[in-house]
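**Q** Given the sequences, and given the hints that come with them, work out the whole structure.
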Amino acid sequence: MSLLTLKNKKFTRRSKEDRVFDTINVFLVALIVILVMYPLYFIVIASFSDPNMIYEGKVWLLPKEITFEGYERIFRDSKIWLGYKNSLIYTVVGTIVNVSFTLMAAYALSRKDLYGRNVIMFLFLMTMFFSGGLIPTYLVVKNLGLLNTMWALILPKAVAVWNVIVAKTYFESSIPNELLEAAKMDGCSDAKFFWKIVLPLSKPIVAVMVLFYAVGHWNSYFDALIYLNNENLYPLQLILRNILIQNEASTMMISDLESLAAKQRVSELIKYGVIIVASVPLLIVYPFVQKYFVKGVMIGGIKG
Amino acid sequence: MEIARKADPVINSTTTVKKGLKLKKILTNYQLYLFLLPALIYFIVFHYVPMYGVLIAFKDFVATKGIMGSPWVGFKHFERFFDSYQFWSLIKNTLGLSVTQLVVGFPLPIFLALMLNQMRSEKSKRFVQTVVYAPHFISVVVLAGMIYVFFSNNGLINNLILMFGGDPISFMAKPEWFKPLYIASGVWQETGWAAIIYLAALAGVSPELHEAAIMDGANKWQRIFHVDIPAIMPTAVILLILSVGSIMNIGFEKAYLLQTPMNQPSAEIIPTYVYKMGLQQAQYSFAAAVGLFNAVINLILLVAVNKFAKRLSGTGLW
Numbered sequence: 001m002s003l004l005t006l007k008n009k010k011f012t013r014r015s016k017e018d019r020v021f022d023t024i025n026v027f028l029v030a031l032i033v034i035l036v037m038y039p040l041y042f043i044v045i046a047s048f049s050d051p052n053m054i055y056e057g058k059v060w061l062l063p064k065e066i067t068f069e070g071y072e073r074i075f076r077d078s079k080i081w082l083g084y085k086n087s088l089i090y091t092v093v094g095t096i097v098n099v100s101f102t103l104m105a106a107y108a109l110s111r112k113d114l115y116g117r118n119v120i121m122f123l124f125l126m127t128m129f130f131s132g133g134l135i136p137t138y139l140v141v142k143n144l145g146l147l148n149t150m151w152a153l154i155l156p157k158a159v160a161v162w163n164v165i166v167a168k169t170y171f172e173s174s175i176p177n178e179l180l181e182a183a184k185m186d187g188c189s190d191a192k193f194f195w196k197i198v199l200p201l202s203k204p205i206v207a208v209m210v211l212f213y214a215v216g217h218w219n220s221y222f223d224a225l226i227y228l229n230n231e232n233l234y235p236l237q238l239i240l241r242n243i244l245i246q247n248e249a250s251t252m253m254i255s256d257l258e259s260l261a262a263k264q265r266v267s268e269l270i271k272y273g274v275i276i277v278a279s280v281p282l283l284i285v286y287p288f289v290q291k292y293f294v295k296g297v298m299i300g301g302i303k304g
Numbered sequence: 001m002e003i004a005r006k007a008d009p010v011i012n013s014t015t016t017v018k019k020g021l022k023l024k025k026i027l028t029n030y031q032l033y034l035f036l037l038p039a040l041i042y043f044i045v046f047h048y049v050p051m052y053g054v055l056i057a058f059k060d061f062v063a064t065k066g067i068m069g070s071p072w073v074g075f076k077h078f079e080r081f082f083d084s085y086q087f088w089s090l091i092k093n094t095l096g097l098s099v100t101q102l103v104v105g106f107p108l109p110i111f112l113a114l115m116l117n118q119m120r121s122e123k124s125k126r127f128v129q130t131v132v133y134a135p136h137f138i139s140v141v142v143l144a145g146m147i148y149v150f151f152s153n154n155g156l157i158n159n160l161i162l163m164f165g166g167d168p169i170s171f172m173a174k175p176e177w178f179k180p181l182y183i184a185s186g187v188w189q190e191t192g193w194a195a196i197i198y199l200a201a202l203a204g205v206s207p208e209l210h211e212a213a214i215m216d217g218a219n220k221w222q223r224i225f226h227v228d229i230p231a232i233m234p235t236a237v238i239l240l241i242l243s244v245g246s247i248m249n250i251g252f253e254k255a256y257l258l259q260t261p262m263n264q265p266s267a268e269i270i271p272t273y274v275y276k277m278g279l280q281q282a283q284y285s286f287a288a289a290v291g292l293f294n295a296v297i298n299l300i301l302l303v304a305v306n307k308f309a310k311r312l313s314g315t316g317l318w
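Chains as they are written, first to last, in our numbering: chain A, 1 to 304; chain B, 1 to 318.
No wet-lab data here; the hints were simulated from the structure. Treat the hints with care, as some may be off.
As the list claims (entries may be wrong) - To give a feel for the contact side, a few chain A residues facing chain B, derived at Cβ under 10 angstroms:
{"no.": "1", "residue": "Gly132"}
{"no.": "2", "residue": "Leu155"}
{"no.": "3", "residue": "Met185"}
{"no.": "4", "residue": "Asp186"}
{"no.": "5", "residue": "Asp190"}
{"no.": "6", "residue": "Lys192"}
Stated by the list, open to error - In silico DSS-like links for lysine-lysine, alpha-carbon gap of 30 angstroms or less:
{"no.": "7", "chain 1": "B", "residue 1": "Lys310", "chain 2": "B", "residue 2": "Lys65"}
{"no.": "8", "chain 1": "B", "residue 1": "Lys92", "chain 2": "B", "residue 2": "Lys307"}
{"no.": "9", "chain 1": "B", "residue 1": "Lys25", "chain 2": "A", "residue 2": "Lys192"}
{"no.": "10", "chain 1": "B", "residue 1": "Lys125", "chain 2": "A", "residue 2": "Lys196"}
{"no.": "11", "chain 1": "A", "residue 1": "Lys263", "chain 2": "B", "residue 2": "Lys254"}
{"no.": "12", "chain 1": "B", "residue 1": "Lys276", "chain 2": "A", "residue 2": "Lys295"}
{"no.": "13", "chain 1": "A", "residue 1": "Lys157", "chain 2": "B", "residue 2": "Lys276"}
{"no.": "14", "chain 1": "A", "residue 1": "Lys295", "chain 2": "A", "residue 2": "Lys192"}
{"no.": "15", "chain 1": "B", "residue 1": "Lys24", "chain 2": "A", "residue 2": "Lys295"}
{"no.": "16", "chain 1": "B", "residue 1": "Lys254", "chain 2": "A", "residue 2": "Lys295"}
{"no.": "17", "chain 1": "A", "residue 1": "Lys85", "chain 2": "A", "residue 2": "Lys157"}
{"no.": "18", "chain 1": "A", "residue 1": "Lys112", "chain 2": "A", "residue 2": "Lys192"}
{"no.": "19", "chain 1": "A", "residue 1": "Lys196", "chain 2": "A", "residue 2": "Lys157"}
{"no.": "20", "chain 1": "A", "residue 1": "Lys196", "chain 2": "A", "residue 2": "Lys64"}
{"no.": "21", "chain 1": "B", "residue 1": "Lys24", "chain 2": "A", "residue 2": "Lys112"}
{"no.": "22", "chain 1": "B", "residue 1": "Lys25", "chain 2": "A", "residue 2": "Lys16"}
{"no.": "23", "chain 1": "A", "residue 1": "Lys79", "chain 2": "B", "residue 2": "Lys254"}
Stated by the list, open to error - Stretch by stretch, here's where chain A covers chain B in the computed footprint (C-beta under 8 angstroms, at least three residues):
{"no.": "24", "region": "92–106"}
{"no.": "25", "region": "179–188"}
{"no.": "26", "region": "211–221"}
{"no.": "27", "region": "269–281"}
As the structure is a prediction and not an experimental result, all values here were calculated from the model. Glycine is no exception: its CB is placed at the ideal position from the N, C-alpha and C atoms.
**A** Put into structure tokens, the structure is as follows:
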């Protein structure tokens, strides 16, 4: 949009109808923002409030009878920290595998001179629409001897077809063919070209891939549920599930409490606390990397 | 191909040399094939081998005998599934959940994108976007945990109900509340994120179209209908095909977490049933048959919808 039209847009008088429209629109959007934010905000204040105040419905906008007991118990619990550590390892190793496999494959497929690329692309795409299902996949993982190892969480999810498409689209549109020809003239090999020229030119797409995959690893619990039964290998999300849904792991954290009422009170507090502890890292980083996520969705969408 | 033709059109015209060129092309690009190798091995091992492994649905699978050694039983497991008392309730729950999710969840991101697109202040628009995208990054475990604490007997929602003079509801124990909770939490988490793609389509609308419409005296409401909505139509069609095509693929993860012993009658869906039968009770063949049934229905739906959409609007996946 040119500067002139921008200015015009600002200074044209809106009709009465349009002003009514804008007012209603702003009101509705504000309502949506509140609906989205309030549950998150409530969790934050509830994690600092005395659970009895929540039960009695006295906590709405500000924490009441502030207590740090929930956090103290969470930070003392070794299971949660072990889960944090495990999740961190799985996320880092998994993301490295994901990103390297995906980018290499995507680059190769983006090259128009790759003989058979349509066939290979078709092989990849097919898996989006039909799969053997849970049981046959489980049997493969089992037969490979991956059960109860970190690799059960990483290898079966090594490449996401969608991300290959996104990266391939990006390479096709942003690496000019002339560059490759010039490099070839100078005797540059494909591997060297990819490493020295393509990757440095593709930082945004590398960021997109790292973020997509990392969030996926950090948030997933299902693979751990089916492939792991050694508690020492549990990622954070599985431990969270036991605390939040099964009411389980928190028995460890509240074993010193005598009465049932006190136990219930504190385990409720712990629930609010662990939600915060588990989500905070992502929610803090997110506003700064948001543009990369959005970019990833858009590249995928254009092709889509 | 193109490069080769440019390089030497004469050689290219004879087929024998062409074959040689093909081989040469593969050889000169061997590094690219090496690049492809890890992903290719991955897809073969973790996608195509399981597709072969799905044969156990037609066999009585015994782990020690392997897939080939186990005896064929034809459609025995399918028949058992069709005849089981749970069959119709599973179909009803699975379809009911995904169709409702589609009907409720599909239009909302479009509305949100249209509304955001009409906001006059870029700054507040960006703020709203940051807020509404955020829930997408919350893990499904945390989301389910939030539902449990908000909808527990002494939770936030029941306090609200009490405040307005109603009677508390034990949401997690009532089968009829499973679906609303599942759908509403999905809307809360994904609507903002799903709007991104429509916002991108709207950003691509040429400003001249809007200017011309303003010249003709169109108000905002009319411009939404005659400029914005036609502009996002192709995107919407593609996304609709994709979502109808995955209608039986409703996520295992959230449904499983939201299941309680009390809401089972409406919360048991095909994926959770496959998990319980297959992995908890080790009835591999039966569970694989149920899973295969699901996958085939899905594939048929996808192909049908794609055909239908192509005839109707000219846009399709392939």
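**Q** Does each hint hold? Answer for all of them.
**A** Going through the hints against the structure:
1. Gly132: Holds: closest Cβ of chain B sits about 3 angstroms from Gly132 of chain A, inside 10 angstroms.
2. Leu155: Constraint on Leu155 of chain A satisfied, holds at 7 angstroms.
3. Met185: violated (13 angstroms)
4. Asp186: This hint is violated: Asp186 of chain A lies away from chain B, its Cβ roughly 16 angstroms from the closest one there, beyond 10 angstroms.
5. Asp190: holds (4 angstroms)
6. Lys192: holds (9 angstroms)
7. B:Lys310 x B:Lys65: violated (47 angstroms)
8. B:Lys92 x B:Lys307: holds (25 angstroms)
9. B:Lys25 x A:Lys192: With Cα atoms ~18 angstroms apart, Lys25 of chain B and Lys192 of chain A stay inside 30 angstroms; holds.
10. B:Lys125 x A:Lys196: violated (39 angstroms)
11. A:Lys263 x B:Lys254: Cα-Cα ~27 angstroms, so holds.
12. B:Lys276 x A:Lys295: violated (39 angstroms)
13. A:Lys157 x B:Lys276: holds (22 angstroms)
14. A:Lys295 x A:Lys192: holds (27 angstroms)
15. B:Lys24 x A:Lys295: Violated, at about 38 angstroms.
16. B:Lys254 x A:Lys295: holds (27 angstroms)
17. A:Lys85 x A:Lys157: holds (20 angstroms)
18. A:Lys112 x A:Lys192: holds (18 angstroms)
19. A:Lys196 x A:Lys157: The hint holds at about 28 angstroms.
20. A:Lys196 x A:Lys64: Status violated; Cα separation ~57 angstroms.
21. B:Lys24 x A:Lys112: holds (15 angstroms)
22. B:Lys25 x A:Lys16: violated (67 angstroms)
23. A:Lys79 x B:Lys254: holds (23 angstroms)
24. 92–106: Per the Cβ count (0), the hint is violated.
25. 179–188: violated (count 1)
26. 211–221: Coverage by chain A holds for the region 211–221 of chain B (5 residues, Cβ < 8 angstroms).
27. 269–281: Three-residue rule met by the region 269–281 of chain B, so holds; n is 5.
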